[in-house]
Amino acid sequence: VERTSLLKMMEISVAEAEKRTGKNAVNMQETYTVYLIETRPVDAASEGTNPVPDSLWRRYSEFELLRNYLLVTYPFSVVPPLPEKRAEFVWHKLSADNMDPDFVERRRVGLENFLLRVASHPDLSSDKIFYSFLTEENGWKETVFETGFQAKADSRLKALNATFRVKNPDKRFAEMKHYGDELQSVISQLLRVRARAADRLYGVYKVHGNYGRVFSEWSAIEKEMGDGLQSAGHHMDAYAASVDDILEEEEHYADQLKEYLFYADALRAVCRKHELTQYELEMAAQDLTSKKQQREELATGTIRTFSLKGMTSKLFGQETPEQREAKVKMLETQIEEGEELVKERNTECEEFVKSAWVDIERFKEQKDHDLREALISYAIMQISMCKKGIQVWNNAKECFSKM
Amino acid sequence: MSGFVVDSTVSSGNSSVAIPTDISGQILDLDEDDDLEVFSKDTTVTDGSSFNASMQTSPASMINQYKFEEDAEDTKDIFVTVDNPESHVTAIETYITYRVVTKTTRSEFDSSEFEVRRRYQDFLWLKGRLEEAHPTLIVHPLPEKFVVKGMVERFNEDFIETRRRALHRFLNKIAEHPIFSSSEDFKIFLTAAPGELTSYKKQGPGFLSRMGETVKAVAAAVRGVRNRPQEFTEMQEYVEAFSQKISSLDKVTQRIVREQKEYLEELKECGPTYALWSQSEEELAEPLKDVAGCVDRCCKETEEQVKNLNDNLIPVLHEYALCTDTLKAVLRRRDNIQADFEAKTEALATKKADRDTESKVLSLAWDSLVGRSPEEVKQQKQQKLKGEIKEMRDDLDKAEDRLEWANNALKSDWTRWQKDMRTDLRSAFVDTAERNVNYYEKCLAVWESFLHSQRTDAEGNGNVDFS
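Protein chains in written order, with the UniProt record's numbering: chain A, 1 to 403; chain B, 1 to 467.
These are calculated hints, taken from the structure and not from any lab test. Virtual Cβ for every residue (Gly too), placed ideally from N, Cα, C. Heads up, a few of these hints could be off.
Estimated spans, in silico, between C-beta atoms of each pair [as the list claims (entries may be wrong)]:
{"id": "1", "chain 1": "B", "residue 1": "E286", "chain 2": "A", "residue 2": "Q391", "range": "43 to 49 Å"}
{"id": "2", "chain 1": "A", "residue 1": "E136", "chain 2": "B", "residue 2": "E265", "range": "49 to 55 Å"}
{"id": "3", "chain 1": "A", "residue 1": "K206", "chain 2": "B", "residue 2": "K103", "range": "43 to 49 Å"}
{"id": "4", "chain 1": "B", "residue 1": "H452", "chain 2": "A", "residue 2": "K141", "range": "18 to 24 Å"}
{"id": "5", "chain 1": "B", "residue 1": "K442", "chain 2": "A", "residue 2": "N161", "range": "39 to 45 Å"}
{"id": "6", "chain 1": "A", "residue 1": "K141", "chain 2": "B", "residue 2": "A445", "range": "52 to 58 Å"}
Here are some, though not all, of the chain A residues that point toward chain B, as calculated from beta-carbon distances under 8 Å [said to hold, decoys possible]:
{"id": "7", "residue": "G148"}
{"id": "8", "residue": "L183"}
{"id": "9", "residue": "N210"}
{"id": "10", "residue": "W218"}
{"id": "11", "residue": "K387"}
{"id": "12", "residue": "G389"}
{"id": "13", "residue": "W393"}
{"id": "14", "residue": "F400"}
Isolated chain A (complex conformation) (with noise of 0.2 Å):
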């Protein structure tokens, strides 16, 4: 994660979960986890005098809120994500629960990842409102409502009906979106798969479990064979034993790209809010041009354009001078308005297209470096579950040959 803005200043991170109880909003008992976030001015620590670090508890539920209102302040970002809200992608010895203490634990590395990744953000890392998230505990709440994002916030029927409509989208974000699309639905299926091959290792090595159970009980009655025999099982002790860390590590691979599989989210979301600008930029401009039509028509008097008004001016008799008058004048003055919200919108569309993109070529950037990272820790965690391997049935093959 790149140094800059506000991780240059401070370090940030969530040191620990505790569980609390309290009444909730319909004054009912709930036990929740919350988490302790750290900061500690930069050059403090490299001082070396180390002082105590500020800190604050949190609740997911606030994380949450944080995430919204930056996702509406900062709609040309491809804002983190959060790590899931509930276990998905779960295997059989893995808790679905989310009091489970790995699910906790597991939940706490993502936070941090989270606020990290925010920190270091070139736009997100300078937020007030986040600036505050870290350091102020009371009534941050308050402050983030009375930014009043919320009524910022499109309506998911509104971006999706641009979705439909809009006519000339900027290419490389309908293709970011489809790309959006198929990195969710792989990753998805990656991870779904993964999760049960797991299931299945977990299977083998715990069986081998037996092994050491049967040849320690059988060694009782050989009498040559029975050390080797007995030092055997203890290896197969050993092997299915071994799973358990295997398979964690395993879960930090997972977590990485659970990351990425909701970073797809984002970057879906900031194609579609582009989708809404150009929809609103077509349909600005569609309107002005229609308006200036029907000035032209009421000033050459044809009727180009089917009107209800045409119509029945036409059935019932033309309007007087008068109302014509007033008519242009009307129009013109929408159209004045039209234009300066053409221009507008056309402003904020392209500028909307250049943050846009500038943050997702950075994200790609990003994207592109951390799974790389990804696959080689993989990579690793395979090579030592190798290594792992060859140890042990090594020594159980020396056991063996005693036998």
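Please build the complex by placing chain B on the supplied structure of chain A, with the hints as guidance.
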């Protein structure tokens, strides 16, 4: 001495079918074969396939016969292979025959190479004959007749191959056995043309005499043995325990194979998923394709490993599980022989007691009716009893010899079996461990080459180091 040798297990009253034995060929050229030195130079002893009670051989010489040299050299002079299964279709049935090739330098064989075709029934016949001739020797098990679980049909390729290997091992075990390998039945099995084998099979103890044997065995079993020597009781306990352990190992190994197969099924989907992903990527396409390739290669290795377990470890464990049934049967038969001896001992003692009491009783009434003098009757009765007692004593002597012979045979063969078992299981497990090491080494190489390619790429692009 040559001539007809009578199987002593047939009661002396019956006229049994005698098996002509030409022992001239059995006299070994001891220069050629060290580990058959155990055959004593007493030429009255043949291949042990029949016990001649009429010969005055002492149990002591019998014992010598079974004192197997522990450090006998592995100079094999007979090589047997089972291969080339072929299916035969007739109007009545379809069956498989296997080619049995024998190469030997033994002088009792007419030539040095033989090739015959045998079917499973023939192997069963051979096993039966060996067990009959040597009730307390341990015959290696045959593959099962028909495996119900997980079998589609008898003529499935895998089934035939598994069976072929087991039959091969069976014959080799017979060939390696000091007693069995010189069995006439074994020789006929290896060398006779099909017609010859069929007619040879028709000889042998008739049905009735075999029935007689079964009845005797059941009677003996019902009687039960009274004074079983401690060592055979220990043997039995061992066999019980061993049987449980070996069948557990068989089950565990089969379970491992099942889990591995399911793991393989899932793993097979991973590679293609990575490959699919690589199609959406630019920079990442290379590494993703490489990972897909690595996963696919590991899949192949896993498939190999599963096959190895199936082909190597499981058959051996399975065979030794079947062995325990043989061992239990052998111990039972030994017990029956002892029970028989004990019963005969008791009967003789009772008869003797009868004789003693008889001499004191004068039953006058009936005898005077028949017109014989008391003295006459007494004499007749005494003569009769004496005759009976002599017969019973002879019988008892035979039974005692038989028991001693059976005990010694079993003791020696038990030692041989244990040694074999240890060797076989040890090498099976060592082999398995080695294959597992190989499997992991191959997978390790696959992933290391991936890492290497990534590192060289990275260094080429001047990227971050991987420490």
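Here is what the structure says about each hint:
| no. | hint | result |
| --- | --- | --- |
| 1 | B:E286 x A:Q391: 43 to 49 Å | violated, 32 Å |
| 2 | A:E136 x B:E265: 49 to 55 Å | holds, 53 Å |
| 3 | A:K206 x B:K103: 43 to 49 Å | holds, 47 Å |
| 4 | B:H452 x A:K141: 18 to 24 Å | violated, 52 Å |
| 5 | B:K442 x A:N161: 39 to 45 Å | violated, 56 Å |
| 6 | A:K141 x B:A445: 52 to 58 Å | holds, 56 Å |
| 7 | G148 | violated, 39 Å |
| 8 | L183 | holds, 6 Å |
| 9 | N210 | holds, 4 Å |
| 10 | W218 | holds, 4 Å |
| 11 | K387 | holds, 7 Å |
| 12 | G389 | holds, 4 Å |
| 13 | W393 | holds, 4 Å |
| 14 | F400 | holds, 4 Å |
Of the numbered hints given earlier, the model fails hints 1, 4, 5, 7; all others are met.
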